[in-house]
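Model the full assembly from the supplied sequences, consistent with the hints where possible.
Protein chains: 4
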Amino acid sequence: MTYSVAVSGASGYAGGEILRLLAAHPDIEIRTVTAHSNAGQPLIEHQPHLRSLAHLELQETTPEILAGHDIVFLALPHGQSGQYTDALGDVPLIIDAGADHRLESVADWDRFYGGSFHDPWTYGVPELPFRGGKQRERLVGATRIAAPGCNASTVSLSLAPGVAAGVIDPSDIVSVLAVGPSGAGKSLKPHLLGSELLGTANPYAVGGVHRHIPEIRQALAAARVTDADASSRSSRSATGDEGIRISFTPVLVPMARGILATSSAPIAPGATDADIRGAWEAAYGDETFVQLLPEGSFPRTADVLGANTALMGLAIDRAANRVVVVTAVDNLVKGTAGAAVQSMNIALGLSEDRALTVNGVAP
Amino acid sequence: MTYSVAVSGASGYAGGEILRLLAAHPDIEIRTVTAHSNAGQPLIEHQPHLRSLAHLELQETTPEILAGHDIVFLALPHGQSGQYTDALGDVPLIIDAGADHRLESVADWDRFYGGSFHDPWTYGVPELPFRGGKQRERLVGATRIAAPGCNASTVSLSLAPGVAAGVIDPSDIVSVLAVGPSGAGKSLKPHLLGSELLGTANPYAVGGVHRHIPEIRQALAAARVTDADASSRSSRSATGDEGIRISFTPVLVPMARGILATSSAPIAPGATDADIRGAWEAAYGDETFVQLLPEGSFPRTADVLGANTALMGLAIDRAANRVVVVTAVDNLVKGTAGAAVQSMNIALGLSEDRALTVNGVAP
Amino acid sequence: MTYSVAVSGASGYAGGEILRLLAAHPDIEIRTVTAHSNAGQPLIEHQPHLRSLAHLELQETTPEILAGHDIVFLALPHGQSGQYTDALGDVPLIIDAGADHRLESVADWDRFYGGSFHDPWTYGVPELPFRGGKQRERLVGATRIAAPGCNASTVSLSLAPGVAAGVIDPSDIVSVLAVGPSGAGKSLKPHLLGSELLGTANPYAVGGVHRHIPEIRQALAAARVTDADASSRSSRSATGDEGIRISFTPVLVPMARGILATSSAPIAPGATDADIRGAWEAAYGDETFVQLLPEGSFPRTADVLGANTALMGLAIDRAANRVVVVTAVDNLVKGTAGAAVQSMNIALGLSEDRALTVNGVAP
Amino acid sequence: MTYSVAVSGASGYAGGEILRLLAAHPDIEIRTVTAHSNAGQPLIEHQPHLRSLAHLELQETTPEILAGHDIVFLALPHGQSGQYTDALGDVPLIIDAGADHRLESVADWDRFYGGSFHDPWTYGVPELPFRGGKQRERLVGATRIAAPGCNASTVSLSLAPGVAAGVIDPSDIVSVLAVGPSGAGKSLKPHLLGSELLGTANPYAVGGVHRHIPEIRQALAAARVTDADASSRSSRSATGDEGIRISFTPVLVPMARGILATSSAPIAPGATDADIRGAWEAAYGDETFVQLLPEGSFPRTADVLGANTALMGLAIDRAANRVVVVTAVDNLVKGTAGAAVQSMNIALGLSEDRALTVNGVAP
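Protein sequences, first through last, are from chains A, B, C and D. Residue 1 is where the first sequence starts when you use the numbering used here, and the numbers rise one by one after that. Residue 1 is where the second sequence starts when you use the numbering used here, and the numbers rise one by one after that. Residue 1 is where the third sequence starts when you use the numbering used here, and the numbers rise one by one after that. Residue 1 is where the fourth sequence starts when you use the numbering used here, and the numbers rise one by one after that.
What the hints contain is simulated information worked out from the structure, not anything from laboratory work. Among the hints, a few may not be true.
[Said to hold, decoys possible] Straight-line alpha carbon distances no greater than 20 Å define the calculated PhoX-like cross-link-like pairs of lysine-lysine that follow:
(1) K186(B) <-> K189(C)
(2) K186(B) <-> K186(C)
(3) K186(D) <-> K186(A)
(4) K189(D) <-> K189(A)
(5) K186(A) <-> K189(D)
(6) K189(B) <-> K186(C)
(7) K189(B) <-> K189(C)
(8) K189(A) <-> K186(D)
Every value quoted in this text rests on a predicted model; they were computed, and no experiment measured them.
In structure tokens, the structure reads:
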């Protein structure tokens, strides 16, 4: 069967990437694309690379226009999805690329986002370890899916195997990311101008204020499997992320796309090299889109450009007493739109890799 | 008076930058430039941006040709300076931009470099805290100066004030650097090709193997001032860097120049925010070329392009229990050639900022 | 049926891109990949983005190893294909991505390349006007195909409709191209280092010496259809490119991939705006992979990244008396590997767009 | 003596670069900096690279605040200078970096800019050939100076020697420029976002609509010296630019700064190679900041980054019957702020190169 789809936020970067992937999906008919201020204009004016969709016109983003499709993708600024999701109760499958349905903790939402809190949906990172299994299992048949934050899923995938296996100490995680500006969207802000980004590395949200921090804590907490963890979760906090602390610093670098996350955590006492490497091998050895590179190899973002692949390299630095994981993803694919489409495939019972590529566009 | 100068390695990036700075120095006459395989060719063919030096021809790099100058700059591949320094005993001032005269520990040299060990020279980072004072004091009248490694001096400057003041715990430092490829020199290696670097972030030397690691440990150890530190130094190791551990990861990003180092360390027990910020303010408040930005501000590498300035921003992340310092330098200026010229000015008793600019070329 | 394929030069950029496209081709089995100095190593070490081909090992490039496949792709340095093509007489289809089989004129070959001349093969630019028709027709059933030079096909596609229709004067063509360095291959040359290419625009082969010039002249001459042209061809020269002159200047700019060619020629006397625009619309109105943008629109290379699309915008500048055509292609796809695969599809009678995408990866 | 200076538009790119240069000028005191919406804020927040000017605060841009200085620089959007220049009659020297006082032809102004026409001021490109001499002579003692358009001065300098000497035919000039986005200023427009500019080449103002076209025609017309030209100017048009036609296409490429202009024109009948090359050598042989490279050499924008230098390479392509000139400038220095400061130096009788560097910052 063919599923009809509506994509909101279709003139933005996340919406555009969802469309690029869906345009190659044999089971999908892109019926409706919507936008805000650009409504009424041809899609191709805002997404000139989407040649095969030149016939589509941007409509208003209203519940009425989004309703009546088998699947609705929401690619809206944070805080705007909620008003639509309530009114789209009849839509069989909704996937939100925004943050509105990601967090379980009201306190975290209030502190990092603010505004109305919305119920958390199933988290769209299939390969992520989750209470002894994977998030994938929860996505089968899901009807409401929260696509991940691009930085958050990159860091969570990087370290979750070690947290799940208990071979790293999650109380002192440090993650520094080289990121392309497309993750910040098409908004007209001075610091996103080309002249401000070309030939320079620019840090932002330094010191524990980035909105993806609680999302990472939540994902890593959910990766834990021991009884102690379970009990601590029920008794001590809503999100169960005690003992998980992360110093998180993103740095804008001069590439349109890509995240290269360098994440590290102290080696857990007694963990052998085999324990450590084995944890990641066990977690991702059978995965198509999350791959651990051989010892001594580390990925480049070019290797995953346009692909749904997360590549990671792992080093055990005994002198510094840290496990270091370097992970490359395309923020718009595996970080956002690819995660959304992969999750959709799982939810619908389609082949998980449909319309997704594992090979990057390099050089 | 005017000092006569010879610059070896003049067709490379470090040598070229030394020449760019010296060309604007009123007390310096650039008399001789030397190279290896390019000897016999006009300098301008290899440094087409150095228009004012178009009259110079590259000569062979031999002790005979380098001798007889007031000052000799060595900008040679690591391991090659030693053969010249022994033969240039009569030269009043030699400044080595290579690593040969940086390390005090033979063990570190053997492990990270190998080959013949050479005596350590005075370290050319004037602003760096050193046993209660600054390295500057040691540079006055110095005759043999080791210019720093670009990454090493950036990280050392970032954290030394906190180590000196005891407000951070140096046993779990994590530093991740976005760096431009000019720091790797003009060598013809596949991973340095433009096609491999454009539009991508590429990690290298992951997991504790980068050669600048012992240099950072040594510099931070020398920043300590307490009795306990002193005694531990004398009793426990040659270099006195016990208790200093660093996880260090450089990432090549698509800019020709620049280092943006994100460094963090645990907050020392009991250290207040005022203690912490005060340590950096005390260390750099009077410096021209090392500046702490106001709270909440962080630097970009563009802000220091072509300048001898190190700009740093500091955040205290209590949730992660870490002090985070983000520092921007131009690797070829403050990281190498500027450090060399600034140290030369001090050694000769000239105004410290002669031929050096504090304003970057941005955007 | 499934065709077995061997790709030589598989560790280079052109070879890698052929593999990336073929990896997604349902009718192709990539059986053999060969290289020169890298033989014996896993392909994935040299093409870390080709995750789905991680099982392949690079073999020696010899006629014996290349023989026995249904299709052989040659992605070798110019001048090296000939030695293999003679020995591979039994291979049903050979596609050469090098220059060896492109030129019809021995004089041009001698002047721009030198070394042994080889017979011209069918030119692999299907959409290119050719003596009243298209090159496509000649590709049906072809067994020996010369993939085009990336710059050459971009310029030829840009102007051929105007030459064919007689609405521009081909005796004073000017073409200036912004190009990414991947077109120059993975060779270790100083001017291709990242430090030399980041943040700068670098011209090369200025003043009429670029090797793609005779290829453009030949392609545009073949686009002509009038009797006068035909007779001039037969009587006056081997290649029939009298009256076709081009000033051609490529400029390396800081993007790994992409060609943006700005080409112009004088307006032919009497040609109306409708005549001019109509010529391009007639030539490309039905094409999938070569598209003329609406009046006032011009393409960016980002819009065709990773895609087999050539996008062009056309302006008629009466004040300057020139038709200006700006064309964007991905040099490794439409400029090389995509042209090769598209031509292969036609030669084999497969759907022309198999394994090729029309949508670019942007931003 | 020290001249007091006010710089308007000080939070923008042109204003920032004027300040960067003046900060190093021994005869200048930067007393006042003004802005529009950013008035009241510290300059350093908008120009974080100008460390030596951290004490300055942005004031309102009003005639009252600008008055009372020895020199006023106007770095305002086109069309806004006029309102100030009328009210600043008492200011001894005003230099306008905008377009308002560049054009002599009311018709050109109306067609390419629109709004109120203002009297042309002395054109601030000292090295430009002008009726048998140079523009420099007109700048001595000038009190009202129009700094050039960055693209316009680059192209005019490229070709004026050939026009003056009659060795090229100015009726069919073609110029294609690779340009960095800083020339477009800090305005918040979607096409200037980093995500839209990184990794891509983007043409704009194609087909004869760019505002610098009439400025080039005017400058090249003024380079002519023959009687015939003079008479034609008086009898046939206000600006005397008959017979000068230019096809002009700028292409944004991923570098913050820089212009690489590839300009060509037909060889005049009978002109020998010596005539042609001699024309440029005669024009620029004695210049410091405009340099013709040796035969076969062509410049890169990196070679002039941050410098006031225009480097040009010249090729004579007899096959294409064109003289090709490739010129590199830093659009913010030689293209704007450097031209302004150099002109100021001449007007005031100071050394022409004061505060200006000839060496670029490379790599």
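Results for each hint:
With a C-alpha separation of about 10 Å, the suggested pairing of K186(B) with K189(C) holds against the 20 Å cut-off. A distance of roughly 16 Å separates the Cα atoms of K186(B) and K186(C); the hinted pair therefore holds under the 20 Å criterion. Simply put, K186(D) and K186(A) have alpha-carbon atoms about 16 Å apart, close enough for the 20 Å limit, and the pair holds. The straight-line distance between the Cα atoms of K189(D) and K189(A) is roughly 9 Å, inside the 20 Å bound, and the hint therefore holds.
With a C-alpha separation of about 10 Å, the suggested pairing of K186(A) with K189(D) holds against the 20 Å cut-off. A hinted pair counts as satisfied when its Cα atoms are at most 20 Å apart, and K189(B) with K186(C) qualifies at roughly 10 Å. Simply put, K189(B) and K189(C) have alpha-carbon atoms about 9 Å apart, close enough for the 20 Å limit, and the pair holds. Taking the CA atoms of K189(A) and K186(D), the gap is about 10 Å. The hint holds against a cut of 20 Å.
When each numbered hint is compared with the structure, no violation occurs for any of them.
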